[in-house]
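Enquirer: Sequence:
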Amino acid sequence: MTLRDVADDDEPEGGWNVSSINTPFHDAYHKIEGIYAFGDALKAAFPDIVEEYDIGTTVEGRAIRAWRAHMKERDGEPEHEELEFVIQAGQHAREWVAPSSAIYFLHSLILDATTDTNSHAAALLRHFTFTVVPVLNPDGFEYSHAHSRMWRKNRQDGGGLFCKGIDLNSNWGHKFIAGRTACSDSYAGRTAFEALETKAMAYYLINGTITDTPPRDHKVRAFVDLHSYGQLFMFPYAYSCADFPADAENLMEAGLGVAKAMRQAQNGEGYQTGQACDLTFRSTGEAIDYVYGVGDTRWSYSAELRDTGTYGFMLPASLIRPTGDEVNAGLRYLAQFIFETDIDKP
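In terms of my numbering, the sequence shown opens at residue 1 and continues consecutively.
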């Protein structure tokens, strides 16, 4: 990775042009203000489809921002129950390709749907509301740009004398185990949801936003947590392989299809699929375990994006688009699979 891989985040005069996926925005990594500015541009360009809202605030006062995209059903189409598909990225600050891929997916889906309202993308946006939280950890993400490229945690005081930060993906309230070493990159914090970011996101997933009136009256149907690196697409549980999810066969079937779709994307790479505890080290307090085990979301996955170690967290910006294409193909496949398997039944 070079300095050229990181944009200065000065918006072009007149703002970002979001009318094409070939916008130079997707050719570089961006700081938090750049990502948020691009989301603002999507909302401004597609006001009937895109909503923007904040689900919480970090200890340093940054908004945890989400964009929600949905198209109304056309006249004469049968009504379906309200379905929400949540894509979360940026729990770990140094995993820059994850937020980039989340935004790329949202942008691509909206463009395809609005270019051709008879397209597969448009059908997905009528079936689902896609909620994208591109950077769950804005403070840590900004710190990884400004101070320490390999920073992983948030920037909250977790009780250590000398070290800041909580590993967000160890701080969720399912099989949580308190951390012992505050200076560790995987420090889980003293209590579940001690991190403001995980607390806000969990509240949203279970209850809806703090401004929703009345609160959420439908479950989140699908949840995908984007990370890097390793090229893996995983389902619960992460904390132990002794606990097998009741939906394991369905989760594996869908996961294999996602991996195939990602491989078949333009310049796609191979991804492994399986239970998280099998494919990576076992970890307690993870998001996918909480969403599946407590939130009762059947389709809960974690993805480790490119690559397999050649560049690792320092993935060059030239690989943002290929990775985004993989995520785009995989998430669209998953949404269609869920609709056909779980929803669209006589």
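Among the clues, some could well be false.
Heads up, simulated EDC-like pairs for lysine to aspartate or glutamate below, C-alpha to C-alpha not over 20 angstroms straight-line [stated by the list, open to error]:
(1) K43 <-> D5
(2) K72 <-> D48
(3) K164 <-> D116
(4) K219 <-> D307
(5) K219 <-> D116
(6) K31 <-> D48
(7) K31 <-> D54
(8) K31 <-> E11
(9) K72 <-> E82
(10) K31 <-> E52
(11) K31 <-> E77
(12) K219 <-> D112
(13) K72 <-> E11
(14) K219 <-> E142
(15) K219 <-> E81
(16) K72 <-> D217
(17) K175 <-> E194
(18) K72 <-> D116
(19) K43 <-> D116
(20) K43 <-> E60
(21) K164 <-> E60
(22) K175 <-> D243
(23) K164 <-> E142
(24) K72 <-> E84
(25) K219 <-> E79
(26) K31 <-> D116
(27) K199 <-> E60
(28) K199 <-> D296
(29) K260 <-> E194
(30) K219 <-> E82
(31) K175 <-> E84
(32) K219 <-> D247
(33) K175 <-> E60
Label-pair ranges, simulated between beta-carbon atoms [unchecked claim]:
(34) S119 <-> F162: 28 to 38 angstroms
(35) K199 <-> G76: 13 to 23 angstroms
(36) G309 <-> S186: 10 to 20 angstroms
(37) G309 <-> S148: 18 to 28 angstroms
(38) E77 <-> C163: 46 to 56 angstroms
(39) E340 <-> N267: 38 to 48 angstroms
(40) T181 <-> A242: 21 to 31 angstroms
Calculated from the structure, these hints are not laboratory results. For glycine and all other residues, C-beta sits at the position ideal for the given N, C-alpha and C.
Enquirer: Looking back at the hints listed earlier, which ones does the structure fail to meet?
Expert: 1, 3, 4, 5, 6, 11, 12, 13, 14, 20, 26, 29, 31, 33, 34, 35 and 39
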